[in-house]
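There are 2 protein chains.
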Amino acid sequence: MDKFFNPKSVAVVGASADEKKVGGMILKNLLESGFKGKIFPINPRRGIIQGQRAFADLQEINSPIDLAVIAVPAEKVIEIVLQCGQRAQPIKNLIIISAGFGESGDVGREREKQLSFLVKQYQLKIAGPNCLGMINPWKNFNASFSGALAKSGNVGLIMQSGAFVSAFLDWAQTDQVGFSAIATIGNKTFLDEIDFLEYLAKDEKTKVIGLYLEGIKRGKILCQKIKKISQKKPVLLLLAEGGNKTQAAAVSHTAALAGESLVAKKALERSGALVFSKVSDFWLALVFFSQFKLPVGQKILLITNAGGPAVVAMGLAEKSSLVEIFELTKEQKKILKEFLPISASVNNPLDLLGDADEERYRQVLEKIKFFPQVGAGVILVTRQKQTAVEKIAKVIEKIQGECEFPLVPVFMTNVATTKKLNFKNFSCFEEALIGLEAGIAFSQKPISAPSKIVFETNSSRSQKTKKIFLQAQKDGRVGLFYKESRQLLAEYGLTAAVSQDWVQGEVFSADFFPAVLKVDDPKIIHKDVQRGVVMGIENQKQLEKEAERLKKFFPQSRLIVQPQQEIDLEIILGIKKDPVFGQVVLAGLGGVAADFLGEKLFFFPFLDKGVVETRLKGSILEKIFQKKKISLEKLAEEIEKLLCLAEENSWLKEMDINPILVYSHRDFVAVDVKVLF
Amino acid sequence: MDKFFNPKSVAVVGASADEKKVGGMILKNLLESGFKGKIFPINPRRGIIQGQRAFADLQEINSPIDLAVIAVPAEKVIEIVLQCGQRAQPIKNLIIISAGFGESGDVGREREKQLSFLVKQYQLKIAGPNCLGMINPWKNFNASFSGALAKSGNVGLIMQSGAFVSAFLDWAQTDQVGFSAIATIGNKTFLDEIDFLEYLAKDEKTKVIGLYLEGIKRGKILCQKIKKISQKKPVLLLLAEGGNKTQAAAVSHTAALAGESLVAKKALERSGALVFSKVSDFWLALVFFSQFKLPVGQKILLITNAGGPAVVAMGLAEKSSLVEIFELTKEQKKILKEFLPISASVNNPLDLLGDADEERYRQVLEKIKFFPQVGAGVILVTRQKQTAVEKIAKVIEKIQGECEFPLVPVFMTNVATTKKLNFKNFSCFEEALIGLEAGIAFSQKPISAPSKIVFETNSSRSQKTKKIFLQAQKDGRVGLFYKESRQLLAEYGLTAAVSQDWVQGEVFSADFFPAVLKVDDPKIIHKDVQRGVVMGIENQKQLEKEAERLKKFFPQSRLIVQPQQEIDLEIILGIKKDPVFGQVVLAGLGGVAADFLGEKLFFFPFLDKGVVETRLKGSILEKIFQKKKISLEKLAEEIEKLLCLAEENSWLKEMDINPILVYSHRDFVAVDVKVLF
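Heads up: the sequence lines are chains A and B, in that order. Going by our numbering, the first residue of the first sequence is number 38, and it counts up by one from there. Going by our numbering, the first residue of the second sequence is number 38, and it counts up by one from there.
Honestly, the hints are just simulated from the structure, not real lab data. Careful, some of the hints might be misleading.
Which copy is meant is left open, so a pair is good if it fits within one copy or across any two.
Computed list of lysine-lysine pairs in DSS-like fashion (alpha-carbon distance at most 27 Å, straight line) [to be verified]: (1) 613 to 356; (2) 370 to 244; (3) 560 to 504; (4) 315 to 336; (5) 456 to 428; (6) 582 to 690; (7) 428 to 374; (8) 428 to 270; (9) 589 to 113.
Okay, chain A solo, but in the shape it has when bound (with noise of 0.2 Å):
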């Protein structure tokens, strides 16, 4: 991949002299950048273009070419690719700006196509089509059609959308952020995000990776990757939430559970990438980790010089669940009252007052540098009065150096007045609030401390399960009947309620009563919406008249009878089979709030077995259940048997274990589940 962002000689396919065409401008941005590599315009008409010699085809040169970049209208893109192929010499890294193609219809799909034939029979690295082209700051590297320019840095980002490449290299001057390389991936048809993760995880200059995705396609290996890349690196991921309307509207059955956007995200959280919704806390987190120390710990000091901004930044910090307030010691009070105005306020906030200037602030800090556990300060500068807002951005800069922690600066000004700072100014807390948030989360990587429950496949049993789905699909069934569901369920060591089939004049024992009587059809999604279940049904006489009654609205289904049990604590279970990250287990709080409240848990068998009780730790289940006095590591194991049968059969696309019981002297049971396929 280092072809891409580092190759010794460029031919540009589509050089224009017109610097308002993207060949054009392709060809300006490589001369203009500084490239000391050869660059070799191509264009059929030859002559001098931009003051370089062009050449009519990639035939007509004879050197060795490490990549090409091809920005010709989408009709002609699959002969240049084919040129670059039969070459004596092959080109065989290519960068395709130009759109026409998978995302525009039947015609730009058959070209992706074609493309595929000869990424093939040539062995090609393809990036695009419809992409940005690439940027490596460091080696005076620019080819893009970008405006503006990258200063070198420690960013790496790989982007699905070259439009936010304008906006960060834009916002990239007045933060004085330095990019290591930038990869555009456009439809990424062949090279995706996994093979430029791959390059920036090597590359010693990125210290920070940004990818915005619209779409993924290998997501299990995309969150191995993550995974083991985040150990060193932060990955930080903008992804769009929401999703369409229309997914929406599938209310309160398991599918709205997971829209499939938020099962990426959970995934690819779960693998230690830090996901962001919004662009401007996707910028702030990069540009926290490219231009600060990573926070020591969760504990933040506030150093003012004003009381109402530092009111309600402690304010948002209490709210926030990452970071804490830390609390300065009798002995760090002592040290600072030493020098300090008597009014001054010898807490956190540790407000300066408003006279404060640079000396006092360096005072400060020169203090703090050594106080322990403090995990970052912040320094909010408001300017009031003769404020020397430059002075002071020197201070924190020297001092910065020395400590071991971050130190934030919150200069409440405008850029007028701190565009000579030579980093970042956060304009307010919580602008800073995102960094630090975004800094312990790395810092805290997601939990891998195996548990002791640890459930092993096992093939022998997958097949006997797949025999039960094997038969359902024969019988021409969409899914299983609750007595093939308990079975395969038991053979994962997990208990459903016992039923017995109705049957006209069949006599129930009395074990049965209190009994409930429902409609068994994997057809029928919403039996309780549908009044498909009859609950306390107290004896023989009631339950035929209520099966009589059931029968007519559900003439063609079979119908149930289960002993009514005893309800303290409902959860839900379920499986979700992803088209992208493969079967997920959820797992959250069952009843009447279900649908409206509460926290969905989501389990992957590829990053969780093993680890689920570590998981539940701090979740809501874990306190309901502390409080209930019922066994997290029971709800783990059922968990973890749910990850096996999961993974063992493929075939499911969806179970839905809703409720299962739960009880703190008792096993749990399941009294419905709903199988699909």
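Got chain A; can you put chain B on it based on the hints?
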């Protein structure tokens, strides 16, 4: 109050030649701002100060003085104020800039007491102490020691922190924002936010009002004032969130008296204020109201020249509870297709493609301005290729004037590129969204349509209930016994479960079984946690055994017996007395999840009597009641009764009905009631 912003003559007491001193800065600001009135510097050394003749004291001046700005050390303030009152032509309006009062301990509080004597004696109006001063850009009047200049405009500010004023004046330069009046209120010992609110409400230049408060004293009046003002002008409130540490910081900063910050937030929101906890959000919303038209509905249309940022923006818009996505009709699409390039996406987001110039934006906006039911247009521009940012800005500015709904610009570039705009640029969609949401929230005033349910206050009833309290108080208790609480509820038509005191040897009737045995002791706060409740007692024998056991743990406490109730859904209702806002009625979901999940609804007797039912609409409680087919009207009725109870029983400090059991086919019943006074 006009004299504070538009005086004919001002005395600056403590005027100094040293422009670094507060008194020097205020004089300098007054002189430099171009103020047309008379200025009298007061300094015991007389002479010429900053080119002006100075007077030794206020007595030396014979002409009337509208306003005195006092910036002398705290210990000299009383004397100056006395002089103001004793003058032949008393100075009635005073701004005390000096710190060293209520915010700084006992000596300071004593000074405020003395001031308050003078205020009464001489009928003075005093702003401050401990404030930054007043600014009225329309009259070139800057009686403050703020550093930056304020442009004239339509934003009125009332700030309990001068530091925010400094920050906002700086930000205003970048964002092209002007001000109608800026009042800093400091300790607000005499004049407070309500006095200045009244002024800004009447002030014709003021279009939007921004408040920052650290403590509220006259809570109910403030609410009523805001309720009235916000019918016409948006009232934005910056309020620190968070818990104890934040409140401690606020108190040490100004002499703030803090009720519970959540209660304040709820009451003020309920009155129509737009409450913010982040400075940046508060500012963005202020700027939005200042510069843009109000959205004419919730539906937004996003016009963009880039796919990626639009996708991310749509995700955020879909997540917003206030914004909706406008859908183009077939006809509208046809109109746009006529002139847009074929690859442009004629949907929402409306993608004009990367090469969109000002002409394409113009053509589209000229059509869109006539589209009915668009509430607001957001115009996203990324700087691609040769995007003519400034020309597009000019187009937006022009069509903005012709369009009924606002066109909100989001140029994703840096300040250097957008500094020539004549309006605020939102640098990313989420910033624009803050403004749009605020605009929509303001347009959708809090519900005030009265419902059918009204309970009138009744003084003979409250005399009766007071007797219950007085008896308990006489007995030296801190709260009521269950029976008394039940009686109190019954007076308001609220049902609590029957109970009987447990007496050794007494035989309970069969109706009581299965029974619950409970400790009945107002001193025991968490009965269930302390194991003071035994459920599921089947018979007399078991009851006696359990009672004996409980008596061991709670030898001093009464025990009561209740028939155990069947539980379908549990609700918690409560009353809390807030020192600032009075009695608050709380409603929320009960049961195991209550501590961890779900919303709590706040109702205030002075705001919500008669409108509870409409206020329940849209709540999670409503959704759950719907699902369970329980009457919401019934719940509204219970809450209305509690509002009555709260209002009539001011002795009541806390009432906790936890739980009240609710059913679809039966009356609600409270099973546990704790009343403290």
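Hints and how they fare:
In the homo-oligomer, the alpha carbons of residue 613 and residue 356 lie at most 27 Å apart only across protomers (23 Å), although the nearest pairing inside one protomer, at 33 Å, exceeds that limit. In this assembly of identical chains, the alpha carbons of residue 370 and residue 244 never lie at most 27 Å apart, being 36 Å within a copy and 46 Å across copies at closest. Taking the closest pair of Cα atoms, residue 560 and residue 504 come within 27 Å of each other only inside a single copy of the chain (20 Å); across copies the shortest separation is 63 Å, beyond that limit. In this homomeric assembly, residue 315 and residue 336 come within 27 Å of each other (Cα to Cα) both inside a single copy, at 25 Å, and across copies, at 20 Å.
For the identical chains of this complex, residue 456 and residue 428 are neighbours both inside a copy (13 Å) and across copies (26 Å), given an alpha-carbon limit of 27 Å. Taking CA atoms no more than 27 Å apart as the test, residue 582 paired with residue 690 passes in neither setting, with 36 Å inside one copy and 54 Å between copies. Taking the shortest Cα distances, residue 428 and residue 374 sit within 27 Å of each other inside one copy (23 Å), while across copies they are farther apart (57 Å). Taking identical chains as interchangeable, the C-alpha atoms of residue 428 and residue 270 are never at most 27 Å apart, the minima being 33 Å within one chain and 41 Å between chains.
Taking the shortest alpha-carbon separations for residue 589 and residue 113, neither the intra-copy value of 66 Å nor the inter-copy value of 92 Å comes in at or below 27 Å.
Hint compliance for this structure: hints 2, 6, 8 and 9 are broken, all remaining hints hold.
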